[in-house]
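Once you have looked at the hints, place chain F on chain C.
Spelled out from the first residue to the last, the chains are:
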Amino acid sequence: MLLPEKMTKVLIVGSKERLKDTIDVLYSAEAVHPIDFSPEEEGFTLGSPLSSASEVSQKLLKLRAAEKDLDIDGKPLKGMVQVSRIYSELDQALTMLGTELSSAVESKNSLQGRIHDLENQKKLLEPFQALPIELDLYRGYQRLVVFTGTVRNDPEAELNSAVKNFEFFKSDDGKLVAIFVVREEAPEVQRILVQNGFSEVPVPVGNGSPAEAAKRIDDELVLQQKSLTEANEKMVKLREQHETFILASDEELSIQVEKAELPLRVGVSEHTFVVDAWVPTNEVEALVKNVQSKVGDGVVVEVLETVPRKEHLHPEEAHGGATEAHVQEEAPSKIDQKRPIGFFSYLTNLISTPKYGEIDPSYVLAITFPLFFGLMVGDIGYGIPFMALGALGLRKCKSPEWRTISTMLLFGGIWATLFGMFLFGEAFGMHFSPQWIPNTPEMHTLYPYGNELSWSSMLGTNLPQIGIISKLGNVKLFLYITVWIGIVHLLLGFGIGLYNEAIRHGMRHAFFHKVGWIFILLGGACLLPWILDLLILNVAVSYTDPLFLIGIGLLLAGIVIAYIGEGGPAILELPGLMSNVVSYTRLAAIGMSKAGMALAFNMIAIEMIAPAGGVALIAGMLVFMAGHLMIFILAVISAGIHGIRLHYVELFQKFFSGGGLAFNPLKIVRKYTSER
Amino acid sequence: MAVEAAGLIAIGAGLAVGLTGLGSAWAEKDIGSAAVGAMAEDEKNFGKGLILTVIPETIVIFGLVMAILLWTKM
Numbered sequence: 001m002l003l004p005e006k007m008t009k010v011l012i013v014g015s016k017e018r019l020k021d022t023i024d025v026l027y028s029a030e031a032v033h034p035i036d037f038s039p040e041e042e043g044f045t046l047g048s049p050l051s052s053a054s055e056v057s058q059k060l061l062k063l064r065a066a067e068k069d070l071d072i073d074g075k076p077l078k079g080m081v082q083v084s085r086i087y088s089e090l091d092q093a094l095t096m097l098g099t100e101l102s103s104a105v106e107s108k109n110s111l112q113g114r115i116h117d118l119e120n121q122k123k124l125l126e127p128f129q130a131l132p133i134e135l136d137l138y139r140g141y142q143r144l145v146v147f148t149g150t151v152r153n154d155p156e157a158e159l160n161s162a163v164k165n166f167e168f169f170k171s172d173d174g175k176l177v178a179i180f181v182v183r184e185e186a187p188e189v190q191r192i193l194v195q196n197g198f199s200e201v202p203v204p205v206g207n208g209s210p211a212e213a214a215k216r217i218d219d220e221l222v223l224q225q226k227s228l229t230e231a232n233e234k235m236v237k238l239r240e241q242h243e244t245f246i247l248a249s250d251e252e253l254s255i256q257v258e259k260a261e262l263p264l265r266v267g268v269s270e271h272t273f274v275v276d277a278w279v280p281t282n283e284v285e286a287l288v289k290n291v292q293s294k295v296g297d298g299v300v301v302e303v304l305e306t307v308p309r310k311e312h313l314h315p316e317e318a319h320g321g322a323t324e325a326h327v328q329e330e331a332p333s334k335i336d337q338k339r340p341i342g343f344f345s346y347l348t349n350l351i352s353t354p355k356y357g358e359i360d361p362s363y364v365l366a367i368t369f370p371l372f373f374g375l376m377v378g379d380i381g382y383g384i385p386f387m388a389l390g391a392l393g394l395r396k397c398k399s400p401e402w403r404t405i406s407t408m409l410l411f412g413g414i415w416a417t418l419f420g421m422f423l424f425g426e427a428f429g430m431h432f433s434p435q436w437i438p439n440t441p442e443m444h445t446l447y448p449y450g451n452e453l454s455w456s457s458m459l460g461t462n463l464p465q466i467g468i469i470s471k472l473g474n475v476k477l478f479l480y481i482t483v484w485i486g487i488v489h490l491l492l493g494f495g496i497g498l499y500n501e502a503i504r505h506g507m508r509h510a511f512f513h514k515v516g517w518i519f520i521l522l523g524g525a526c527l528l529p530w531i532l533d534l535l536i537l538n539v540a541v542s543y544t545d546p547l548f549l550i551g552i553g554l555l556l557a558g559i560v561i562a563y564i565g566e567g568g569p570a571i572l573e574l575p576g577l578m579s580n581v582v583s584y585t586r587l588a589a590i591g592m593s594k595a596g597m598a599l600a601f602n603m604i605a606i607e608m609i610a611p612a613g614g615v616a617l618i619a620g621m622l623v624f625m626a627g628h629l630m631i632f633i634l635a636v637i638s639a640g641i642h643g644i645r646l647h648y649v650e651l652f653q654k655f656f657s658g659g660g661l662a663f664n665p666l667k668i669v670r671k672y673t674s675e676r
Numbered sequence: 001m002a003v004e005a006a007g008l009i010a011i012g013a014g015l016a017v018g019l020t021g022l023g024s025a026w027a028e029k030d031i032g033s034a035a036v037g038a039m040a041e042d043e044k045n046f047g048k049g050l051i052l053t054v055i056p057e058t059i060v061i062f063g064l065v066m067a068i069l070l071w072t073k074m
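The listed protein sequences derive, respectively, from chains C and F.
Residue 224 in our numbering is what sits at position 224 of the first sequence, and the numbering runs on without skipping anything.
Residue 13 in our numbering is what sits at position 13 of the second sequence, and the numbering runs on without skipping anything.
Next up, chain C with everything else stripped away, as it sits in the complex (with noise of 0.2 Å):
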């Protein structure tokens, strides 16, 4: 169950005349994952699309073509397509889109065009208005030149001083300048022109004002724009129209092109074909009767193998990795997990699809990584919120990634809520205590910041102490707690790892490579209590303990192992182990710092703000808001964060190897279309 489904391989023969019936088959049977034919076999070569791939890629190639034209995206739609009704009509729809589509595409592009026309003339008139020359009256001369354009200076001086028969207009801004000069001096203008960095503006084409000229573009383009209104209403109404067919003969013929080019990953001879595939081996019967049934004679099934998990590594293989054929070789991993644990695998995917011969670590995903997010929340305050949250989530949310976040905090909410409860007895940063009562030694040790704020004094009662340990009370005990369940967690993660390799490798294998890093854990572990006492508590220890022989052989045994096993390297990853364990009390850092944070405002909004009454006491339950929706949120980053760090670096190191090949069936998911 915890490894992926046993696979075996088959090889599927038949004679080439049944191939397009055994291709339907084996799209039904929606387990067979078939491996590319490789060329290399002698006497096959590989296949070549079904007769039927191009016409039916031609109509696709059109219906896509309509897709584009009439901006259909795909949007899910209300009820489905018979696909015996898109055979029926669908050569004709075809037909009428082909005529009526590229009429209506072609006018609305004409029109466009126009449109795009008539604006450009608008702009280069637009200048022309401020000078007060008809538009035929720039052009037609024999013995003038027409300078227009714009300047940085004004020439008027020079010229006047200059140049002797000419005309001079300027627009009111002085920008824009028309000078009409006698051929002879027109050199003369052109150079004093260019000095005051003049640019030519041409005049555009038409006669009479440039005011009327640009009102009659106006009114056209006025015309033009309703008319590309009305043909864009018609687009609307023919894709509204035809919007449901199109998509769902798409997605039929869609198929038809898959399953007709599935020849293009077989092998074939001159009469026959070959199929190598996978196939779940409890759904190889089925699958040998199906075919039987349904094709009948000249296809065979041949099982060749039901594959071991262990994985042969030859020499070289072993250190150069793995070769193509090698690659070629491995079966799928199907992984086939109910809800919930199946939203975790997303987050495993995320690292890497597993191996055939690996258990998939998304179990343990999802049993320690919604405990770790409890543990780093830990307050009913934030778990019941976060429970709330992530049901909502599930119920609203249809995106893998966003049903793996629901689900993680729908749990992750459970144990924050059931750790807030039995563990700290504590909701928003508050804790579930008895009143405080001043000089008695026993509230020194509910309360060790003195009269600190309780339910109890907010709601005036009495409350029984709920609640074992306090995250800022008892900051040694806490992080002391987090790691040994760092050991615990990464005891777990080599135990997997042995499991792994015993059955991916052999046992011999195992031993030496997993072994002795459970030995050196384990000692490490029987050390912990003594080292604690000698560098933080600064008891005197005593070096006949026998906890602290027992360790210290575990630890020395498990050094001997790993170094047989895995070499030098080995004793280098010590210390990486030992940073293994430590970084684990960052699930007490975490909650320290959001309780923290959530006595701070606390005291901020309750025993500083709100006291003065009246606006200060809406002021003080804004600002708690205001705080606690904050740590909510840091909530959701911080312990998310860190929770699935401590899977992907931590725990996944000691065992995952990933780099599987995930099962991909052959198979046909409609959204549109449906056969019945």
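Note that these hints are calculated values from the structure, not bench results.
Incorrect hints may have been included.
To be verified - Computed cross-link-like contacts, SDA-like style, restricted to lysine to any residue with a CA-CA straight-line distance of at most 20 Å:
1) F:Lys44 <-> C:Ser657
2) F:Lys44 <-> C:Ile641
3) C:Lys476 <-> F:Trp71
Every value quoted in this text rests on a predicted model; they were computed, and no experiment measured them.
Coordinates of chain F only, in the frame set by chain C:
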């Protein structure tokens, strides 16, 4: 004298968490930008990128643990 000792412990704790935080941030900055680059090429690299990015974070956890242990001695 006692007040001074407590102050020195507090400064030590602050340095422990502050400097290790800077160290982690510096390391994560480089790894993170490289990871984002790798992710832009292929989104499948997200998981590996996340792992590599958060590896130096252990440094600041060490610093934090030290700071907490110092703080409990105040």
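Consistency of the hints with the structure:
With a CA separation close to 16 Å, the supplied pair Lys44 (chain F) and Ser657 (chain C) stays within the 20 Å bound. Only pairs whose Cα atoms come within 20 Å are accepted, and Lys44 (chain F) paired with Ile641 (chain C) is accepted, the gap being roughly 18 Å. Straight-line distance between C-alpha atoms of Lys476 (chain C) and Trp71 (chain F) comes to about 10 Å, which keeps the hinted pair within the 20 Å bound.
Of the numbered hints listed earlier, not one is contradicted by the structure.
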